[in-house]
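Go by the hints and put chains B and C onto chain A.
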Amino acid sequence: MEPLLKVTSIEKTFGDVRALVNVNLLASRGECIAILGENGAGKTTLASVLIGLYQPDSGQIELDGTQIFVTSPAAAIRHGIGMIHQHFSLVGAMTAEENILIGLPGEKRGTAARARIRQLCDDFDFTVDFDVPVASMAVGMKQRVEILKALFRDVSILILDEPTSVLAPTEVAPFLQGVRKLVATGCLVFFISHKLDEIREIADRVMIMRHGCVEGILPVASTPMTQMSALMMGQTDADQPAEKPNTKEMRLDSTRAAKALVVSDVSLTASSGAEILKEVDLTLHAGEILGIAGIDGNGQTELSEVITGLKTQTSGTILLGDKEISGSSIAARIADGIGFVPEDRHAEGLVLSLSVEENFAFRSIGEGKFMSGRLISRRAISKIAEDAVTAYDIRPSNPKLNASALSGGNQQKIVLAREVSRARNLLVVVQPTKGLDVGATQFVQDQIRAVAQSGVAVLYISTELEHVLEISDRVAVMAFGRITGVVTPQNTTLQDIGLLMTASPEEVV
Amino acid sequence: MFDPVLLSDVLAGTARLGTPIAFAALGGVIAERSGLYNIGLEGQILAGALGAAAGSFATGSALIGLGCGVICGLISGLFLGYMSIRLRINQLVGGIALNLLLAGLTAFLSRQIFGAQAGGARVEGFTQLHIPLLSDIPVLGPSLFSQDPLFYLLIGIAVLAWCWLMKSHKGLDLRAVGENPKAADLAGVPVLRMQYLAISVSGALAALAGVHLVLSQVYVFAEGMSAGKGFIALAAIILGRWSPIGAVCAALFFGFCDAAQFKLQFSSPEVPYQLFLILPYIASLIALVILGAKASAPASVGLPYDREHR
Amino acid sequence: MNSVTMQCRVAAALLMALTVGGFLILFDGHNPFEAYKVLFFDSFLNYWGFSNTLVKASPMLLAGLAVIIPMRAGVFNIGGEGQIYIGGLFGTVFALAVPDLPAVLGVPLIFLAAAIGGTFWAAIPAYLKAYRGTNEVIVTLLMNFVAIHIVSYAVAGPLLAEGAPYPYSDEVAEAYRLPIVMPRSDAHAGFVFGLAMALILYFWLRFTPSGFQLDLVGRNARAAAYAGVDEKKTIIRAMLIGGSLAGMAGAIEVIGLKYRLFHLFSDGYGYDGIVVAFLAALNPIVAPLTALFLAGLSAGAGTMQRAIGVDSSVIEVVEGLVVVFVAAALVAPRNSSKSILKNLLIGGLFGHPKHNKKKEA
Chain A
339 MEPLLKVTSI
349 EKTFGDVRAL
359 VNVNLLASRG
369 ECIAILGENG
379 AGKTTLASVL
389 IGLYQPDSGQ
399 IELDGTQIFV
409 TSPAAAIRHG
419 IGMIHQHFSL
429 VGAMTAEENI
439 LIGLPGEKRG
449 TAARARIRQL
459 CDDFDFTVDF
469 DVPVASMAVG
479 MKQRVEILKA
489 LFRDVSILIL
499 DEPTSVLAPT
509 EVAPFLQGVR
519 KLVATGCLVF
529 FISHKLDEIR
539 EIADRVMIMR
549 HGCVEGILPV
559 ASTPMTQMSA
569 LMMGQTDADQ
579 PAEKPNTKEM
589 RLDSTRAAKA
599 LVVSDVSLTA
609 SSGAEILKEV
619 DLTLHAGEIL
629 GIAGIDGNGQ
639 TELSEVITGL
649 KTQTSGTILL
659 GDKEISGSSI
669 AARIADGIGF
679 VPEDRHAEGL
689 VLSLSVEENF
699 AFRSIGEGKF
709 MSGRLISRRA
719 ISKIAEDAVT
729 AYDIRPSNPK
739 LNASALSGGN
749 QQKIVLAREV
759 SRARNLLVVV
769 QPTKGLDVGA
779 TQFVQDQIRA
789 VAQSGVAVLY
799 ISTELEHVLE
809 ISDRVAVMAF
819 GRITGVVTPQ
829 NTTLQDIGLL
839 MTASPEEVV
Chain B
6 MFDPVLLSDV
16 LAGTARLGTP
26 IAFAALGGVI
36 AERSGLYNIG
46 LEGQILAGAL
56 GAAAGSFATG
66 SALIGLGCGV
76 ICGLISGLFL
86 GYMSIRLRIN
96 QLVGGIALNL
106 LLAGLTAFLS
116 RQIFGAQAGG
126 ARVEGFTQLH
136 IPLLSDIPVL
146 GPSLFSQDPL
156 FYLLIGIAVL
166 AWCWLMKSHK
176 GLDLRAVGEN
186 PKAADLAGVP
196 VLRMQYLAIS
206 VSGALAALAG
216 VHLVLSQVYV
226 FAEGMSAGKG
236 FIALAAIILG
246 RWSPIGAVCA
256 ALFFGFCDAA
266 QFKLQFSSPE
276 VPYQLFLILP
286 YIASLIALVI
296 LGAKASAPAS
306 VGLPYDREHR
Chain C
6 MNSVTMQCRV
16 AAALLMALTV
26 GGFLILFDGH
36 NPFEAYKVLF
46 FDSFLNYWGF
56 SNTLVKASPM
66 LLAGLAVIIP
76 MRAGVFNIGG
86 EGQIYIGGLF
96 GTVFALAVPD
106 LPAVLGVPLI
116 FLAAAIGGTF
126 WAAIPAYLKA
136 YRGTNEVIVT
146 LLMNFVAIHI
156 VSYAVAGPLL
166 AEGAPYPYSD
176 EVAEAYRLPI
186 VMPRSDAHAG
196 FVFGLAMALI
206 LYFWLRFTPS
216 GFQLDLVGRN
226 ARAAAYAGVD
236 EKKTIIRAML
246 IGGSLAGMAG
256 AIEVIGLKYR
266 LFHLFSDGYG
276 YDGIVVAFLA
286 ALNPIVAPLT
296 ALFLAGLSAG
306 AGTMQRAIGV
316 DSSVIEVVEG
326 LVVVFVAAAL
336 VAPRNSSKSI
346 LKNLLIGGLF
356 GHPKHNKKKE
366 A
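Protein chains in written order, with my numbering: chain A, 339 to 847; chain B, 6 to 315; chain C, 6 to 366.
In short, the hints are calculated from the structure, not lab data.
Listed below are the simulated DSS-like cross-link pairs for lysine-lysine, each with C-alpha atoms no more than 27 Å apart in a straight line: (1) K446(A) to K187(B); (2) K172(B) to K480(A); (3) K480(A) to K175(B).
Same shape as in the complex, but just chain A (with noise of 0.2 Å):
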C-alpha cells in the first residue's frame, strides 16, 4: 500500500537534550502503530511535533507523498493529523457537542452539525450524554467526546496518547473495539503506550523509542513481549542473566539484620475507584538495597508518596524500625531520619530561586544545625553548604548561586547530599539517574552504595532496570499497583524480570 506518512530525519534538541534523534517512519492508511517506550523516551515529543505544538529542528515530514509543514495545531489539523492528549483537552464548563465544535469554520458548525455528530455516535456505538457539561462526565465518556472530536474533522491520522491509563478496566476492552473501527475505516492510528499486552491485542506494528531514538518497527504479532520489553529497556540480549558480572562484589545477607522498614498490607485507592497500590508488603533490613522496578506508572511514584508521608494509605501499616509511621506527618518522618530523593528533583526536590545553600537547609528549616538559638544561623547554612559543596564535587562551588544555574547532574547532588546525611534509618530514591550523564549517575550509584554500607536501609525506585540491578540486593517488580514478585539479581534473568513487569492484573494473585 502506498504510505499515507513518511517521516525522515526527525531532530529535536531543547536545550542540551536530545528528544528525538534521527527518528525514520513509514506508515499506511488502515494501519495501527504502537509507540512504545519509557518515559523520556520521545514518544509525546515526536507526537508534538506531528501535531503542530513543536517544531522540529530538521527532518521533514511527506503526507501522500508531499511534504507537508506543520507549523500549529490548527495546520495539523488542515492536514488531518489529529491526537488525544492523555489528559484530554476538555473544556469542562461546555457540552460535548461545544467541545466538539470549537474551533471549526463556520459552515461545518450549522443544523447539520448535531445530526452527523449522532450519526458518528452510531458508526461507533459510543454512549454520550449530549446534556450535561463535560466536567461531570465519567472518564470513558469524555475520553469518547474525545475521539468524536477527532472524527468529526475527517482525521486521517490520530494520535491517541496512553489512552487507556485514566480508564477503568472496564472501559478498556469497549475502547478498544471502538479503536479497532476507526482503523477499519482507514484511519492510521498511532497507539502510544507502555502496555504490552495491549498493544499486543491492538497493534499491527511497534515502534519502540529510547533516549530519543527508534530502536526498531517490529511486526507485533510476530514479535515476542519480552523482547519488546528488552528494546524498550534496551538490553540487546534477553536471555543474559540479570547480574552483570563485577558490578557487586559484595552482597548482604540482608535477613540477619534488623528491619529497618515493614510495610504491611498498604493499599491506595484514588477517588475515582482505581486501585493505585494494592496490598503492598514490603520488608527492608538495614544496610539492605532494595530494588523497585517496573514500568513507569505502575504505582512506584505513588508508593513512595505514602512511605515518606506526601500521601496517606487507604489500609495498611507502615513501620519504620519498631515505629508505626502510618499515619505521621511528613515533618514528623523527616524528624523520623527518613531521607526521600524525589523523582522531579525541580519541582519537589529543590526550590530553583533559592541559593544552592539555602536548598541544603529549606526542607527542615527548624532543625538545630541549621539554627542558632531560634534564629537561623546563616553562618552555619553556608559551613553545611560548603562542606556537602566539597564533599560532593558540586560545581559551580559557590553556594550563594541560585539552584536554578547548576546542571541536573549537579541540582541532583544538592538533593543527595541533603538527603544522605538527613537518612538515619531509611532512604527512599525515586528516579535518581534521571536526566543524568554516564559521569553523574556512576557518582550516584556510588554514593547510595555508601549510604548503604553505613547501615542504613536504602528503598531504590526506578525506571532505569540496569541501574536498579546493579545496585540492589533485592529486586521488588510493581505492576499494577502490586508487587509481582521479589527477586535476586544473580539468580533471575531480564526475561523473567520483563514478565513480572508486564503480568496483566488477572496474573497477579
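This is chains B and C only, laid out in the frame that chain A set:
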C-alpha cells in the same frame, strides 16, 4: 417611598448612574471571558471621556466625539493586551499601572486641549431621546424611555454581546479560550489573536462609559471623573456572573442603590443611607461565596497562555 | 535573575519613565531638568518638602508591607484599602472609648486595636481562599468598598463629632497623638514605626523558620509540601499579617496626622501600597525607599506645579510609566540579551514569545 414621582426619579437616576458602570462592566466581561483580567477599566473610562470631549470640542459633533472616545478606548485596551499577553506582566499590576498612566495622561492632555479652564469648556453632547408612545407610560415612561441615546445603545450592545458570546461560533471559541486555552489552541482557535481582540473591545466598551459621562451627563471633561466606577464595574461583573446581560443588570442595580441612597438621605435621614451603598457589594460577596466563584468565573482567567509550557 | 542585573534593570526602567515624563514637560513648554530639579530638591532636600514626603510615605510604607508579606506567600492582597479603613475605625473607637490612659500604654493599644481591625478584615478573604479556593482579588476588592461605606456611616452617625460641618469624629486625646519627628512640621513618627516594621519583617523572613517557610510557599508550594509546610495555614497567616499592617497604617493616619477619623481618610494608600511593594521587588527592607520615592514624587508634584507651572498630572503619568517599565524589566527572560526598550518596542503584536525551555528528560 412608593410615591410615583420619587420612584420615577430613582429609576431615571438608576439609568443615569448605572449606564457608565454597565458599559465598563460589559467591557470587563468580554475581557475576562477571554481569560484576561481588565483592572484598567477605570483608566479606560477616562480615556473615552477625554476622547469624546476632545472630538466634540474640535468638531462640534457629538457623534465624532463618540468615535474618538471609542478609538481611545481601543488603543488603551490594546496596550493593556500587549502588557498582559506579550510581556506577560501580572494582569493586576498591569491594570493598576494603566489606571495611573491614564489618570495622569488624560488630566495632562485635557489641560493642553482645553486650556486652563478645562472644567468650563462645554461640549456638544447627546440630548434625550423620547421614544414615542412608550415615553408616556407613567413612572416607567420618563425614566426608561426618555433616556439619552447611549442608554439604548447600551441595551442594544448588551443583548448583541450576549447573543454573540453565548450563541455564535466565535463566541464559543472565545469562551473556550477563557476556560481552557490549551484545548482551544489544540482545536485550532487562534488564542492570542482572540485575546488581543477581546481586550481591545473591552477597552472600547469601557471608553463608552466615559463617552456617556461627558456627552450625556455633564458635557465637560473633568479630571478623575470616573470616580471609582471602573472598580464598581468589577463588582458588577461578579454579581452578574460573567454574563453580558447579567453584568449590565447588576450594574444598573448598583446604579439603583446609588440613586436610592441619595433620595433616602433626604426622605428618611434617620436611616443610614450607607446601607443602600453597601447592599450591592454584600450581594456580590454572597453570590461569590454561596454560588462559588469557581463555577462561574472563566476557569483560566488571569493565567497567561504559553504554548510551549507542558 | 541575580540581584545586580535586576537592580540595573529597575534603575534603567526608572530612568526611562522619567525621560518620557520629561518629554511631556517639554511639550507643555517647560524645561524638564528644571522641573525635575525642583521636584526632587523639594521632596527630599527641603525641610518642609521632606516633611510632606514623610507624611505621605508613612501609610504607603505600611500598606506596601501589607502587600509584600502575603505576596511572598503567593497571595495577592489588594484589600489594603479596606483594611486601612477598618483598622483606622477600630483604632479610633478604642482611642475615644478609653481616653485616659498614659501615652506609653495607650498608643500601643491603639495600634493593637487597629491591627485587630485590619486582621479581621483580611481574615474573610484569607479563609475563603485557603478553604474554598475563592479568588482573593475579587473578594478583597469588594470588601474595600464595604469598608469605606462602613466608616462613612460610622463618622456620619455614631462617631460624629458635635457640631461637625462634615462627617468626622471627635479628636483623639493629646496623649495619644504620635510625636512629631521634624519640629514645626506635620511629619510624625509613623514613618519611623514603618521603618521598624520593615526591619522586623525583613529579619523575620530571613532569620526565622516561620518566615522562611512563608517565603517557601510563595516560591514553590510543592516543594513546601515536600518540606512538611502546611500551605493553607501559611496563606492565612500571611493574609492576617498583611491585614494587621494595613490596619496599623489606618491608625497612623488617625493618630499621626488628622487626630480624627474622617470620611474617605485614605486617599488610595492601599493601592499605592501595591506599587510600593512591586517596586521594592517584594523585599521589605527596600520598601521604605520605594515608599519615600513614590511619596516624594506625589508630594513634590504640587510644588513643581506652583513653582514651574508644570501640571502635576505629569507625575501621575510618570508613576504609571514607572510601574509599566519596571514590570517589563522584571519579567524579561533571564537569558535574553534584548534590552528593555527592544522588548517593549520591537516584538510583534501577534508573535509567540520564543523561549527555549529546558526539557525534562
